[in-house]
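Q: Each chain is listed here by its residues.
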Amino acid sequence: MADVGIAIGRVAFVMLFVLNLGGLLGWVERKQSAIMQDRIGANRASIFGLRVMGLFHPLADALKLLAKEEFRPAHADRFLYWLAPFVSVFFGLTAFASIPFGPVIEVGGRQIPLQAVTLNVGVLYVFAMLSLGVYGVMMGGWSSGNNFALLGGQRAAALMISAEIAIGASIMGVIMVYGSLDMMEIARGQGELLWGWLPKWGLVTQPLAFVLFLTAGIASTKRIPFDTPECESEIIGYFVEYSGMKAGMFMMADFLETVVVAGMTTALFLGGWQVPYLAADGFHFPGGAHLGMPAALVVFLQVMAFVIKVSVMIFFMMLIRWTLPRFRYDQAMRLGWLGLFPLSILNIVVTGLVLLATGGPAS
Amino acid sequence: MPTAQRFYLREVLDGVALTAGHFFRNMGRHIAHAFGRPVKGAVTIQYPEERRPYSPRLRTLHRLVRREDGSPRCVACMMCETVCPAHCIYIVAEEHPNPEIEKMPARFDIDLGKCVFCGYCVEACPEDAIRMDTGILEFSTYDRRSMVYTKETLLALEPADPDGRPRSPIPIPPSRAV
Chain A
1 MADVGIAIGR VAFVMLFVLN LGGLLGWVER KQSAIMQDRI GANRASIFGL RVMGLFHPLA
61 DALKLLAKEE FRPAHADRFL YWLAPFVSVF FGLTAFASIP FGPVIEVGGR QIPLQAVTLN
121 VGVLYVFAML SLGVYGVMMG GWSSGNNFAL LGGQRAAALM ISAEIAIGAS IMGVIMVYGS
181 LDMMEIARGQ GELLWGWLPK WGLVTQPLAF VLFLTAGIAS TKRIPFDTPE CESEIIGYFV
241 EYSGMKAGMF MMADFLETVV VAGMTTALFL GGWQVPYLAA DGFHFPGGAH LGMPAALVVF
301 LQVMAFVIKV SVMIFFMMLI RWTLPRFRYD QAMRLGWLGL FPLSILNIVV TGLVLLATGG
361 PAS
Chain V
1 MPTAQRFYLR EVLDGVALTA GHFFRNMGRH IAHAFGRPVK GAVTIQYPEE RRPYSPRLRT
61 LHRLVRREDG SPRCVACMMC ETVCPAHCIY IVAEEHPNPE IEKMPARFDI DLGKCVFCGY
121 CVEACPEDAI RMDTGILEFS TYDRRSMVYT KETLLALEPA DPDGRPRSPI PIPPSRAV
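So the protein lines, in turn, are chains A and V. Counted the way the numbering used here counts, the first sequence spans residues 1 to 363. Counted the way the numbering used here counts, the second sequence spans residues 1 to 178.
Among the hints, a few may not be true.
To be verified - Some, not all, of what chain V presents toward chain A, calculated at C-beta under 10 Å: (1) Phe7; (2) Tyr8; (3) Val16; (4) His22; (5) Met27; (6) His30; (7) Ala32; (8) Gly41; (9) Thr44.
Note that these hints are calculated values from the structure, not bench results. Just so it is clear, CB atoms sit at the ideal spot from N, CA and C, and this is done for glycine as well.
Go ahead and model the full structure; you've got the sequences and the hints to work with.
A: Rendered as structure tokens:
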């Protein structure tokens, strides 16, 4: 009984974290872009005259989308047209499951890993879910019965494939360095110190892979600068024929993917839930200083560290989204196949040589 | 394209530094503003509450100038009606009770749906009886008929403040009142 409760608790934390963050991103996007552009941003939605910096706008958006007419084009494939947005959102939500948000804690003799699902192949699972998300997009493009939507779906598929290959290849280096496919093991490995003072984060051991992964990750979220599948403003993409909450779900899926990619980057490159120099019994600073802490506080700090790192990554991805113009379709393809992919192969080779020279992975 | 630009990364970082600089500078100003410092983090003018100061020469909603006794200064000479390129002014003349004044308007309607705000009526008026200085710009309606402003409405309007802030309330026709 207690096991079921713990399992539900773990899943609920991840679900609520991802869903709320995904919903909140609409507000973050509006406000952050406004502040970057010397504006104030949407601040008029109010409940009883209470505005709270426009925080009610996502709520108002959702209400509006729910109240809107759901139009289905006459030539649409009924079932797939209905299914596509759910597929998109579903895989965006489930992808986060194997990303650890905290260490393995011990409560009453039970080992509780702070992640929704414990998987030996967690990294592969996240990629599988992220890749499956493209099926929702293609389904939506095909089943709309609109050639522009179909072309948008095709662009999405091409972009996703070129991005996902680079994602898969770029994290090979991380897997080689930490010697595991389990995200929890990778996060734990990043708590070690290099030369006694430098946290062994993926960012330190695999800087090139970090850049490649982040680029490909942003591409796989289908947002500007890689929004050729969508192009809401002009050449229109796979969800032209969707209206109401179904269109909202596609938008939501983009935000969820942003959260997932931010979570992945955190877990693989930014040390996951690790706080530098913080071990299970408190801080151990390089100089030999020690600051003892109760275990509960340590766990709290580590979970908070994960949340903050994810937020910073989301901030950075939003910054990119509001800084760069869109890549042309062929530019995006060239970047994926001729830029990211060969570089990640090179990264694997160099990592392998370095590991060979220094005597294998640390584990 | 120079080789440095072909690699994108440096250019991307330059761009991100620029936008992030804007973000953090504006964020700092917003926070300072919240603590009561006289700085603003945005150039936004929050329109219905704040207004950009209007030029005193700006042509806004018309008004009819009143005499001492409150009757219109207009003598119904039809100059404005004649000069109006949009034919939006409609005047019906009548006798003025004072024998020294020739006529006065019985009706003076301006159809703002047709008006092009050229200001010719103001220039043509020999009596300085019509002016476009109320500062009022918001008079949209849901139907065409409530765009027609009558003599009584136009007479009741006051000129704007020196900074262009309207002093009269926006004359909402009864059909537009919600």
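Q: List in ascending order the numbers of the hints, as given earlier, that are violated by the structure.
A: The structure breaks only hint 7.
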